[in-house]
Structures are given as C-alpha cells and as structure tokens.
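Participant: Respectively, the protein sequence lines represent chains S and P. Residue numbers for the first sequence follow the numbering used here, so the first one is 26 and each next one is one higher. Residue numbers for the second sequence follow the numbering used here, so the first one is 121 and each next one is one higher.
Treat the hints with care, as some may be off.
[Unchecked claim] Calculated Cβ distances over 12 angstroms to all of chain S for the following chain P residues:
1. Pro277
2. Asp296
3. Glu363
4. Ser431
5. Met499
[What the hints assert, rightly or not] Below are the DSS-like pairs computed for lysine-lysine, each with C-alpha atoms no more than 30 angstroms apart in a straight line:
6. S:Lys121 x P:Lys337
7. S:Lys189 x P:Lys222
8. P:Lys253 x S:Lys189
9. P:Lys329 x S:Lys83
10. S:Lys83 x P:Lys253
To be clear, the hints were calculated from the coordinates, so they are not data collected in a lab. Just so it is clear, CB atoms sit at the ideal spot from N, CA and C, and this is done for glycine as well.
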Amino acid sequence: MASYILKRLAAMVPTLLGVAVLIFLLLRVVPGDVVEARYLTQGSQFQSQELMNQERQKLGLDQPLWRQFATWMAGLARLDFGLSMWTSSPISEEIKLRFALSLQLALMASTIATLLAIPLGILAAVKQDTWVDYAVRVFSIAGLATPSFWLGILMILVMLTVFKWMPPVVFTPIWVNPWDNLAQLIWPALAVGYRYSAVGTRMMRSAMLEVLREDYIRTARAKGLRLKLILTRHALKNAILPVLTVISLEFAFLLGGLVVTEQVFNLNGLGMLFVEAISRRDYTLTQALVMLVATVFLLVNLAVDIAYAWLDPRIRYR
Amino acid sequence: MERLARVAVLAFAAMLALPGLAQSPRSGGELVFPVPSEPPSYDGHREETFGLIHPIAPFYNTLLRIDPNDKSGTKAVPSLAESWTVSSDKLTYTFKLRKGVKFHDGSEMTSKDVKASYDKIIFPPAGVGSSRKGQYADVAAVEAPDAYTVSFRLKEPSASFISSMASPWNFIYKADILAKDPHWYEKNIMGTGPFTFVEHVKGSHIVGKKNPNYWDKGKPYLDGFRAIFIRDSASQVAAIRGERAHIQFRGFSPAERDSIVSTLGKKVTVQESPWDCILMVGMNHEKKPFDDKRVRRALTLALDRNQASKSLSKIAIVKEVAGVQVPGTPYATPPAELAKLAGYWPDIEKSRAESRRLLKEAGVPEGFQFTFTNRGVPMPYEPLGVWLIDQWRRVGLNVQQQVIEPAAYFGTIRKGDAQVFMDFQCGYIVEPDLDMYKFLSSERNPANYGRYKDPVLDALYDKQSRTIDFEERGQIVQQFEKRLLDEEAHYLMTLQWHRIIPHSAKVHGWTITPSHYLNNTLDTVWLSQ
Numbered sequence: 026m027a028s029y030i031l032k033r034l035a036a037m038v039p040t041l042l043g044v045a046v047l048i049f050l051l052l053r054v055v056p057g058d059v060v061e062a063r064y065l066t067q068g069s070q071f072q073s074q075e076l077m078n079q080e081r082q083k084l085g086l087d088q089p090l091w092r093q094f095a096t097w098m099a100g101l102a103r104l105d106f107g108l109s110m111w112t113s114s115p116i117s118e119e120i121k122l123r124f125a126l127s128l129q130l131a132l133m134a135s136t137i138a139t140l141l142a143i144p145l146g147i148l149a150a151v152k153q154d155t156w157v158d159y160a161v162r163v164f165s166i167a168g169l170a171t172p173s174f175w176l177g178i179l180m181i182l183v184m185l186t187v188f189k190w191m192p193p194v195v196f197t198p199i200w201v202n203p204w205d206n207l208a209q210l211i212w213p214a215l216a217v218g219y220r221y222s223a224v225g226t227r228m229m230r231s232a233m234l235e236v237l238r239e240d241y242i243r244t245a246r247a248k249g250l251r252l253k254l255i256l257t258r259h260a261l262k263n264a265i266l267p268v269l270t271v272i273s274l275e276f277a278f279l280l281g282g283l284v285v286t287e288q289v290f291n292l293n294g295l296g297m298l299f300v301e302a303i304s305r306r307d308y309t310l311t312q313a314l315v316m317l318v319a320t321v322f323l324l325v326n327l328a329v330d331i332a333y334a335w336l337d338p339r340i341r342y343r
Numbered sequence: 121m122e123r124l125a126r127v128a129v130l131a132f133a134a135m136l137a138l139p140g141l142a143q144s145p146r147s148g149g150e151l152v153f154p155v156p157s158e159p160p161s162y163d164g165h166r167e168e169t170f171g172l173i174h175p176i177a178p179f180y181n182t183l184l185r186i187d188p189n190d191k192s193g194t195k196a197v198p199s200l201a202e203s204w205t206v207s208s209d210k211l212t213y214t215f216k217l218r219k220g221v222k223f224h225d226g227s228e229m230t231s232k233d234v235k236a237s238y239d240k241i242i243f244p245p246a247g248v249g250s251s252r253k254g255q256y257a258d259v260a261a262v263e264a265p266d267a268y269t270v271s272f273r274l275k276e277p278s279a280s281f282i283s284s285m286a287s288p289w290n291f292i293y294k295a296d297i298l299a300k301d302p303h304w305y306e307k308n309i310m311g312t313g314p315f316t317f318v319e320h321v322k323g324s325h326i327v328g329k330k331n332p333n334y335w336d337k338g339k340p341y342l343d344g345f346r347a348i349f350i351r352d353s354a355s356q357v358a359a360i361r362g363e364r365a366h367i368q369f370r371g372f373s374p375a376e377r378d379s380i381v382s383t384l385g386k387k388v389t390v391q392e393s394p395w396d397c398i399l400m401v402g403m404n405h406e407k408k409p410f411d412d413k414r415v416r417r418a419l420t421l422a423l424d425r426n427q428a429s430k431s432l433s434k435i436a437i438v439k440e441v442a443g444v445q446v447p448g449t450p451y452a453t454p455p456a457e458l459a460k461l462a463g464y465w466p467d468i469e470k471s472r473a474e475s476r477r478l479l480k481e482a483g484v485p486e487g488f489q490f491t492f493t494n495r496g497v498p499m500p501y502e503p504l505g506v507w508l509i510d511q512w513r514r515v516g517l518n519v520q521q522q523v524i525e526p527a528a529y530f531g532t533i534r535k536g537d538a539q540v541f542m543d544f545q546c547g548y549i550v551e552p553d554l555d556m557y558k559f560l561s562s563e564r565n566p567a568n569y570g571r572y573k574d575p576v577l578d579a580l581y582d583k584q585s586r587t588i589d590f591e592e593r594g595q596i597v598q599q600f601e602k603r604l605l606d607e608e609a610h611y612l613m614t615l616q617w618h619r620i621i622p623h624s625a626k627v628h629g630w631t632i633t634p635s636h637y638l639n640n641t642l643d644t645v646w647l648s649q
C-alpha cells in the first residue's frame, strides 16, 4: 500500500504540471490584464500610459511568457505562491484567510449531505415502491432541481420577511464565537448540503437496490439474520462505495466552487476569491487557486481509493 | 389670563426647542456600512476606486475638503488648512495650516507633511504611482516657507485649483515616513483623521475607532465604524433591510430603494441627488461613417432623452437630462439653453426628421447596420444599451450589440476596434476642468476613445480653465459643451446617473452629494440610538 501511495503521489506531479501550463496560457489568452482592470475601469479622467507601463514592469508583465512561467514554477517548487498582483500581499495569506471559512462550510455541507443521503437512500431502497420511497424520491429530485444559491436567496427572504432577522454578514471563526459562526454558516451549509444530499440519496438508493439483489444478501436473509444487521454489516459496505466517491468529490468541489452561494450569503470564501481574482486578471492569485483546487482534487481522489480498499477487502493496490 | 399666556409662550418655546434638541448630535455607536468593492492598497494617491475612499477616508484629512453639508458637492472649505490667500497674479496660493493637529502616532502635522504629500502626488519619485498627477499639471512647485504655511506656485492661473485642493484622494501623509519609504502608505494606514485604524480582514471588513485626539474638538461623534465588503447588490440590500448595516454610500437602484423602504418604512431615510457619473456614447472617428459629423449628429438627434428620463429612471440609476455638468451645479447649462442643443430638442419628431435627413445627406442607407459595443455590467449599461438601440432603430438604423466582459472592456475600446461604444466617467468633484478633460483631443488625453483631434475644443478647454471670473468661465463652458455635443457631436450623452441612498433613520449628519467619492470622512456623522 505504501508503495502504491508513493506512486500515486509521484503521478500527481505531471498532472499538476499540465494544469499549470494550461491555466498559465489560458489566463493570458483572455483580453485585459490587472493593470487595465485597476486603472481603466473606474471612469477616471486622467489616464497615464506611463503609469500603466510602470505598473506592468513592476509586476513583471513586460517579461517574455517563458520567463514569467519559469519564475512562477521556481516559486512553486519552493511552495512560494508569490504576491497577489492586485493587493501585493503574499498569496498564502490571501488564501489562508479564506480557507478556514471554505473548509468549515465544505465540512458542514458534506456532513449534512451524508447524514441525509445515506439513511434516506437506504430507506428508499428498503421500502422500494412504497409511499416512503416516493417521498424520498420527490425530496431528492426537488434537491437536484433547486440550485443551492436560489434556495439560499429564499432562506434569506423568509428570514427577513417572516422573522425580521438576517444572518450575520461578517465571518466569525468558530473558536471566537461559536454562536455567531453557526448563525452565519448553518444556512449556506443547509442550502448546499441539501443540494448535494440529493445526488447522494439517489446514488445510495440505486446502489443499495443493486446490492440487496445479490446472492449473499439472499443467503443472509435465508440464514434468518435481522434486516438491520444485513443492511449495516453486509449491504452498506458494498453499496456505499459509489456514494463515497460522489460525496468526496463534491467536498473537493465545495472548497472552491461555491461562488454564487458565497455571494448570496456574503461569505468571504475561496469561491469569491476565485471570481475576484479572475475578474481582476490577478494572474498569480488565479494560478495559485487553480493549483490548490487541483491538488485538493487529486488528494481527495487518492483518499477515496484508499478508503475503497479499507471498505472492500477484495480491492488490493500494488 | 396672564398665567395662561405665559404657559402658552413656554409651550411654544418648547415646541421650537424640541426639534433642535432632537437634532443635537449624540456621541457613541458604531456605524456599519457595506462597501461594494475592496481597496487593492491603502494609498489614496495611487488608487482610483471608491472602494478605497469609503473605508479609508475616515483615517485621513485633506488640505481642504468639500463642505459636508453642500448638496452640490462644489464648495471647498478649510480642513487641515484653516485659510488661504491668492496672489494678485493668481499664480501663488498660500495656505495657513491649523496648529496642534496630530498624526495618529502622536507627532504633529506641519507644512513639511503637506509638502511631502503633494510632492508625491504631483512629482512622484520613479516607481511610485500617482493616478491624478495630470490634475496638477499647472503646479510648478510646492513650498513650505514655515511650519504652518504651504505655498503652491502655478505656471498658469487655474480656475479649478482650490477645488483640486479639496480632492478626497489627497490624504496628508507623514513626511518622515514618505522619506524612508514612499510605498509605506500602500500597506499601512496612519493619518490625522477622525478615526484610527483597528483592523482589516481581507475580503471581509475594515474597522476604525474614534480618534480621541482629533483636532476638531467634539468630533467625531461615532465610537467607530465598520466597513463590510459586500460585492453583491442584493446582499447589500439585505444587509440594510435586515438592519445589519446602516448605510451604503455608493447608491442603490430605484427597485432596491423601494424594497428597503417597503421593509423598513419609517426606519429609513432616503436621500437622492443627481450623480456625477454618466454613460456616454463614443463614436470612433477613425471608422466610417462616424468620421462624418452629420452621422454623429444624426445619432444624437435620434434620442428622446426627455421621455427616457421619465421611463428609465423607474428601472435604472439614471434620471437627469444633462450636458457636460451635473444639473443643479454652478456651471450646469440651464434646461432652456440645453434644449437648444442637438438631441435635446423638446420636439422629438422634428429631431428625428432632422436625424433622417442628415443620414440621407451623408449617404447612409436606410437599415444601415453597425455594431454598438457595450460593457457587460447590468446597471445601468444594460437598460441604456437597449434604449439606445431602440432609439436608433427609429431613424432606420440597424444596430447589433456586442457585450464585452467588464475587465476587458476599456482595454478593448482603447485599441480602437469598436465603431460605436458605451463610455463612462465618474467625477470626484463637480468641476468643469475634471468633467470636460475626458473630451480633449486623443493626443492630449488617451481616455478619449473617440480618437478625434479638435484644436478648437482643446483651446476652449484651456481658456475656461484659465478664466477665474465665474460668469465668463460659465459662458466658455457652454461654448465647449455646444461644440462637443452639438456642432461636432464628438460624443453623445445618455442621462446623468441618479444617486439614491436609502439609509437607517438613525444615521444623521450625512448629506448626499453628486459624488460618491465625497463626504466619507464620517466626522460629522452620528447615530440617534
């Protein structure tokens, strides 16, 4: 197993290199740069080409592309993301600030999704074609059809109009004030968690239905084992593998992809940072964020594969 | 009887006195306001976004300021300078500074600091960015003859000089710090303002607390402020509606105002003003047929601005029909005079008939197709774009809209590829020198995306800029406006933006002005509860 993990980690290097080349080139194909975004978008009367040239020089944008890429790669090799072109602050600081919020939200949403998806999926499978199954299916299809940001907007409107209350608009870390923290994050976590639970519920239901028709389940039933035992000891371990994949990949996605939901709840997370970095043509920050998300995806994938082996003894990696 | 009369007089006196008492500023409280964008750095001399002014201005003072109670946003009053004089040849302005003004580090502010700050703005050292040094091209030197006197020597008389000394961007920094590191203020905050810096959590908020040693005794009234960065306008509205914030200083749309008022009712106060921002249509003079002034005039004559003012003001942040100056401000052309310019005629049928005639005379066929390039910003670019295309259709023009993503927009039209495009400017003080600079020949101002050269227009600009007499200057401004918008129709104006600030009724001591860059020092603001 250890050699397998090492091999997988080594295989990440060319993948990440490919991602790096792609994002570096794509960003520079898009028209505009950070200097234009800074000095041409405010309707100012005074525009100085001299000032813009000076800024480009300071940021290294006047350098040939290969040199810009080499500088970036040299920094990455030292785990130094460099400075944001927009704020001139270290990128590691910019990301660190938002990472706590995004990680907590992703964990909360994934937990909600898991807590909803697994029991509901099992219940729907066990009670197939009964009113319980139909109710779970309606619940999950509604979740699939409802964008989480829209659900978020509805939540805010209801809180404002019915309860005359609104969640806090500034993030408070959970160790500073758990109540304020949860008062802000529980709503987006519910909105997002419900959306992702819907995918998981359907996946859990179909996987469980498939497993329940397997010979070994029939044998267990014939032996007179109780249903609860059959489900937890025999069926769940086999049915949960695809659900685990879906929820894990969603978790990786949630870390950087909750752009609109973050906007609706004014969350200072990685998704908003991503959008701002792109709209400001902050090349260095965008590149760093893409690399971070790509790395998280690769690591989550690896973790899922390892979990597969743990859950299913038939799976062995060499 | 006499007793009754006495009681009546006392009651009357109390009635008169009560509102006054109710309006007495109250100390305490934290003002919370959303800011739709975040400052890239803290250096006001370098940046251009209101995202810097709103949260950072309370930490600083400027030499002069625009009177916080002046709704026109044009009247300069003392701030760090307590008075000023002008030499008889109008070439030397001498400012007397207040004594006893302290920086937040406890050191005294003197003329050395003012000189160093203005030297950085006007004559920045190599590698130091100064966004508005073009505004001070007439300044030959800044001198500090003694600790409390600063003089500015000009090359030419300048009608706008005093206004430019009230620029909200020109924070006074500490000379010793600038001498050690001219970039220090990009990442640090230390001024003489009514509030001292507490923290900036990037992407989240900036907090300031009351400066107990502020030179204007008794101010500020607030204990502090909290500027929260909220990009999404729906979330800003929700923050005001949910009473998580008191005020947003940039502005809301009519629909957003109505939504806040419907929720908060009497708990909200609405202030409105013409806004010193305008979208205008640029026509690339290097592209046919827009090199022909008859075609450009036809395009402006097709627009029914008076009707648009009524209809678009219900859905967008535009309202007033305007020329080159914000309506209601000192140099604005009176409506009766404005109505004589092409495109401003009250009789739209006559105007459109003339538009068709000019197009025909210029050889532009019925159904002529061109591309209108617009910026991918919903408010107010989108409704104005739709309106323009419809208006031009009514004189037989077939217009296709090309929408470009905001960050790439100005870079694209700057290259000169667009035919007809939406252009934009926002002023930080209502002043002809600032508001008309945009329209100078492209060789003088690269922000003229119409790419024309007009020495006559340039000469009129320079003339008004050097004319100190108010009446005379006003006439030249009108000549400039007539040439720009009517005779040559280099650019065409849409409608003046309209600034709408619905805020908590607890907020007092703040007056709306036409510029969202003004009146953000917060020293006069107080909360009633």
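Participant: Hint by hint, note whether the structure agrees.
Facilitator: Checked hints:
1. The beta carbon of Pro277 of chain P is kept farther than 12 angstroms from every beta carbon of chain S, the shortest such distance being approximately 20 angstroms.
2. Annotated as non-interface, Asp296 of chain P keeps its C-beta farther than 12 angstroms from every C-beta of chain S; the closest such distance is 23 angstroms.
3. With 12 angstroms as the threshold on Cβ separation, the claim that Glu363 of chain P sits away from chain S is violated: the shortest Cβ distance comes to roughly 8 angstroms.
4. Every Cβ of chain S is farther than 12 angstroms from the Cβ of Ser431 of chain P; the closest lies at roughly 24 angstroms, confirming the non-interface assignment.
5. With a minimum CB-CB distance of about 14 angstroms to chain S, Met499 of chain P clears the 12 angstroms threshold, and the non-interface call stands.
6. Proposed proximity of Lys121 of chain S and Lys337 of chain P is contradicted: the alpha carbons are some 41 angstroms apart, above 30 angstroms.
7. Using a Cα cut-off of 30 angstroms, the hinted pair Lys189 of chain S and Lys222 of chain P is violated, with the two alpha carbons roughly 44 angstroms apart.
8. Distance hint between Lys253 of chain P and Lys189 of chain S is unfulfilled; the C-alpha atoms sit about 49 angstroms from each other, more than 30 angstroms.
9. Between Lys329 of chain P and Lys83 of chain S the CA atoms are separated by roughly 34 angstroms; this puts the pair beyond 30 angstroms, and the hint is violated.
10. Distance hint between Lys83 of chain S and Lys253 of chain P is fulfilled; the C-alpha atoms sit about 19 angstroms from each other, no more than 30 angstroms.
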